[in-house]
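**Q** Residue numbers (the numbering used here), protein chains in the order written: chain A, 19 to 635; chain B, -17 to 301.
Read the hints as simulated data drawn from the structure, not as lab findings.
Keep in mind that a hint or two might mislead.
Claimed, not checked - Capping the alpha-carbon separation at 20 Å, the derived lysine to aspartate or glutamate pairs in DMTMM-like fashion look like this:
no., chain 1, residue 1, chain 2, residue 2
1, A, Lys123, B, Glu132
2, A, Lys411, B, Asp6
3, B, Lys64, A, Glu417
4, A, Lys22, B, Asp203
5, B, Lys27, B, Asp102
6, A, Lys22, B, Asp151
7, A, Lys160, B, Glu129
8, A, Lys423, A, Glu381
9, A, Lys22, B, Glu200
10, A, Lys591, B, Asp113
Stated by the list, open to error - Anything over 10 Å on all C-beta distances counts as not near chain B; from chain A, calculated:
no., residue
11, Arg52
12, Asp105
13, Arg124
14, Gly138
15, Leu207
16, Arg233
17, Arg364
18, Gly373
19, Ala445
20, Arg525
21, Gly547
22, Cys564
23, Pro566
24, Asp587
25, Ala589
Glycine is no exception: its CB is placed at the ideal position from the N, C-alpha and C atoms.
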Amino acid sequence: MDLKFSNAEPFPEERDAVDRLLGAAEGGWHGGERDEKDLRRAHTGHAARSRRHLVLEALHAVNDRVGWISPGALNYIGKRLSVAAADVYSVATFYALFSTNMRPKRIVHVCTDIACMARGSKEVCADLEKRLGPAGAMSGWKHSPCLGVCERAPAALAVEAGDPPHEHLIGPVTVDEVVLALNDGPEALAAEAPPIMAVPQAGQEGLMLLKRVGRVDPESIDDYIAADGYAGLRRAFEMEPGQVISEVKDSRLMGRGGAAFPTGIKWESTAKQPATPRYLVCNADESEPGTFKDRAILEGDPFALIESMTIAGYAIGAERGYIYLRGEYPRAYRMLRNAIEKARERGFLGENIQGSGCSFELEIRRGAGAYICGEETAIFNSIEGYRGEPRSKPPFPFEFGLFGKPTVVNNVETLCNVPLIVQMGGAEYAKIGAEGSTGPKLFCVSGNLARPGVYEVPFGVTLGDVLELAGGVTPGRTLQAVLLGGAAGGFVRADELDIPLTFEGVRANNSTLGSGVVLAFDDTVDLTGVLLRIARFFRDESCGQCVPCRVGTVRQEEALLRIAHNRRDAAAKGRDVGLLRDVGRAMKDASICGLGQAAWNAIESAIDRLGVLEETK
Amino acid sequence: MNAHDPGAAGRMNKSVPLVTITIDGEEVSVPDGSTILTACNAAGKDTPTLCYGDTLTPKNACRVCMVELKGSRVLVPSCSRKVQPGMEVLTDSERVRHSRRLVLELLGSSVDLSTTPRIDEWMARYDADPDRYGERAGESLRRDVHEPGEHHAGNGSVAATMSQPVKIDNDLFVRDYSKCILCYKCVDACGVQWQNSFAIQIAGRGFDSQISTEFAAELPDSACVFCGNCVEVCPTGALSFKSEYDMRADGTWDESQQTQTTTICTYCGVGCNLNLHVQDNKIVKVTAPHDHDVNHGNLCIKGRFGFQHVQNRTDDDKD
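Generate the whole structure from the sequences, applying the supplied hints.
**A** This is how it looks when you write it as structure tokens:
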């Protein structure tokens, strides 16, 4: 490929950041020193072009080091990876954590999403505005969509570019902490709350998915092994891969990421594909507002995911797995990196694992602030170094997935059920929970409740049971509504607490479990404001590929803004609600992916079920 | 109606098995591997398309060609979905009409469609009313500044648009992105599908996306080779030849007075075909036939723009 670049050169620290990831540049064609060998050096072909998948990692390297991506750095990444400058730019400008405009090294992302809204983020932001000026990169603090720390709302993520960079999740955040992180760096902050803080049930008997959280040192593989770790993998290696798939099918495990697809069927159809290599992708891009269950596992029991993925890889015949981790989870990233390293040292990853003859390697890919990358095909494009735009289906991932090969994509929680299934047997596992929804389930319980956190319950308990586990609403307040399934889910009323939390139970009640979000709002919360935030979220997170979602999410937000600003004009409100319905239906019917198709769900349910926009306030 | 490529098998005259599907209750048979759009064309159903390109891989981004497919939870894009035996397709159901109407409204309310062929006819056919989303927001000077995940929300009193200053940074073609529907056709024509220049891509995210060079550099400073193949495929006139742009600005552009002559480019031995668009005995633009086996609608800078010598005449030469 004969690519043309501008004359902009990288700064030394940008060059160094990229070189540390990719190794030193070879010759002038790839951004290094020009020498006489360049005349005889081949600089094109498949080898040069096969490095595109490193674009996102290279952008991270520069952004982590300098805080933003300059034209010189962009050129250098392009030259090193044989990708056109316009292409690198298109990727860099897709992700919210990257900047192509110069900005300070320290930035604090303050969550303004719905769970934090219920717990005072508005007040924090109002105070920050007074102390630091309006939100924006140059004043050092920015508004952020859900950071996945809803149990400690309001939350913030403090980052400092450098060598090494520092990243720190804060919750509940105070104005003083934001100012401290900006003045003295995130390192000056008190240590992050331990992982156990996200799991109020930690240490209780009978837990299956959360049994080790708080009980073992998440950095110690010995602790993990001593606490029943790798028993599942040993059991799996005693079976044929096909048998493992049969057990998973018998367990009737359904995906926990939101789509609730039967995991065994997905595995079987992938394993049947003749094309190789096959890939396993773990979707750890947990970005649905109100969702933080995967973070609790990744921070508290990271080896569980490594073991689960090894079993899955063995079952489907994949020798390489990717963990696509959202960029806003710094501690989960550290824990996973450590776990992979330790597992490799001890022969639980790599060639011929534990003498089984099975080989499996794992790589972490960090997202960079894009909700859409949690979509199962957008995740492929993102890993491959393209913009995280969803692909058109068919073809489906099991036939044409990552790098065009048969691929299984599973959510963290889904995978972590696998060692349990293998150990106890699929049929036995299927006895837990309800008929159509087997096994234990994690719920992300947040909002105006006494003890928000991740709760593990067998499928079948009611919404009311879960709220009670979390201590119910604050005394003196009354429950106004509950959002199930996150921004892409739906609201239910305070008098609907007997809804059984199973896939079939919520479906029968015309709602969804989604990713397991149970977000309670008491009577102090302005629900119209919550709807506006949801609309804003989808408008910001739409990838922009298809018209219904790209423009529809804008028109949806505009209509809600008009209603919010002009509450007394009933005729205008009626017109706008009609418009919302028209746009919502087109988004649901004609968008490429689930983001657009679900962008109207919560708002529709608020109108129809809660009567929110009918109120005359 | 959309011309369709019969595919390699068709060109080689091999017999391809036919697949029969039902469209609006009538059976139609098309070669295996065809799209629903091809079947719609064969059945005489006029399907609106914008991002579909007869020389490009379907991107199915505009969603104006959606049809209802029995058994599918959502509507499907006819331009890219392949036919399968027994499919039952509806092209004019209430659901399809609603979806097409909304897509046209959403585009019409955010993009200047004044030079998009057939748009008025489709707007009328689907009762689209783009004005109901409110007054259109004025020109933005910040569309080339990308801060994904952030936007200024305002109060909903104006409808956000693509409106922005026109980009005139060279003598050959003009980029008026106020008219851009982000269909990706220019990006695909510039990239691996045809030109392999990679000068432009989509930058930014969501509604703030924009076709752009790196850091919005001007075209002469970018990797652009000025082949004009992006202009060739642009469905809305967002990209237009400078000659056409200037004549439209002067009010002298008149397609009814134009003739088209197909000829062979004389610059080299490849044998690309050209369509010379002539008005008042002057070449006003050059396009290329998409169904020609040599160049499939593509040209290089010489074939596309190197026609001045033909009309480098003194006043004495005229008539």
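**Q** For each hint, tell me whether it holds in the structure or not.
**A** Structure-based check of each hint:
Distance restraint check for Lys123 (chain A) and Glu132 (chain B): the Cα-Cα separation of roughly 19 Å lies within the 20 Å cut-off, and the hinted pair is therefore satisfied. This hinted pair does not check out: Lys411 (chain A) and Asp6 (chain B) have alpha carbons roughly 24 Å apart, beyond 20 Å. In summary, the hint linking Lys64 (chain B) to Glu417 (chain A) is supported, as the alpha carbons are separated by about 16 Å, within the 20 Å threshold. A distance of roughly 10 Å separates the Cα atoms of Lys22 (chain A) and Asp203 (chain B); the hinted pair therefore holds under the 20 Å criterion.
A hinted pair counts as satisfied when its Cα atoms are at most 20 Å apart, and Lys27 (chain B) with Asp102 (chain B) qualifies at roughly 18 Å. Of the pairs offered as hints, the one joining Lys22 (chain A) and Asp151 (chain B) holds, with about 18 Å between alpha carbons and a cut-off of 20 Å not exceeded. For the hint linking Lys160 (chain A) to Glu129 (chain B), the alpha-carbon distance of about 11 Å falls within 20 Å, and the restraint holds. At most 20 Å may separate the alpha-carbon atoms for a hinted pair to count; Lys423 (chain A) and Glu381 (chain A) meet this at roughly 17 Å.
Distance restraint check for Lys22 (chain A) and Glu200 (chain B): the Cα-Cα separation of roughly 14 Å lies within the 20 Å cut-off, and the hinted pair is therefore satisfied. For the hint pairing Lys591 (chain A) with Asp113 (chain B), the CA-to-CA distance comes to about 17 Å; that is within 20 Å, so the pair holds. With a cut of 10 Å on Cβ distances, Arg52 (chain A) stays outside the contact zone with chain B, its closest approach being about 20 Å. Chain B draws Asp105 (chain A) into its interface by the beta-carbon criterion, the shortest separation being 5 Å against a cut-off of 10 Å.
Once the 10 Å rule is applied to beta carbons, Arg124 (chain A) is consistent with being away from chain B; the minimum gap is 17 Å. No Cβ of chain B comes within 10 Å of the Cβ of Gly138 (chain A); the nearest lies about 21 Å off, and the non-interface call holds. Once the 10 Å rule is applied to beta carbons, Leu207 (chain A) is consistent with being away from chain B; the minimum gap is 24 Å. Listed as outside the interface, Arg233 (chain A) is consistent with that label: its C-beta sits roughly 37 Å from the nearest C-beta of chain B, beyond the 10 Å cut-off.
At roughly 40 Å, the least C-beta separation between Arg364 (chain A) and chain B is larger than 10 Å, which holds for a residue marked as non-interface. Listed as a non-interface residue, Gly373 (chain A) keeps its Cβ farther than 10 Å from every Cβ of chain B; the least gap is roughly 45 Å. Against the 10 Å criterion, Ala445 (chain A) stays outside the reach of chain B, whose nearest CB is about 31 Å from its own CB. Listed as a non-interface residue, Arg525 (chain A) keeps its Cβ farther than 10 Å from every Cβ of chain B; the least gap is roughly 14 Å.
Non-interface call for Gly547 (chain A) relative to chain B: holds, since the shortest CB-CB distance, roughly 12 Å, exceeds 10 Å. At roughly 5 Å, the least C-beta separation between Cys564 (chain A) and chain B is not larger than 10 Å, which violates its mark as non-interface. Not every Cβ of chain B is farther than 10 Å from the Cβ of Pro566 (chain A); the closest lies at roughly 5 Å, contradicting the non-interface assignment. Distance check on Asp587 (chain A): its Cβ is at least 12 Å (rounded) from any Cβ of chain B, clearing the 10 Å threshold; non-interface status holds.
Distance check for Ala589 (chain A) against chain B: the nearest CB is about 14 Å away, which clears 10 Å, and the non-interface claim stands.
Violated hints, in rising order: 2, 12, 22 and 23; the structure is consistent with all others.
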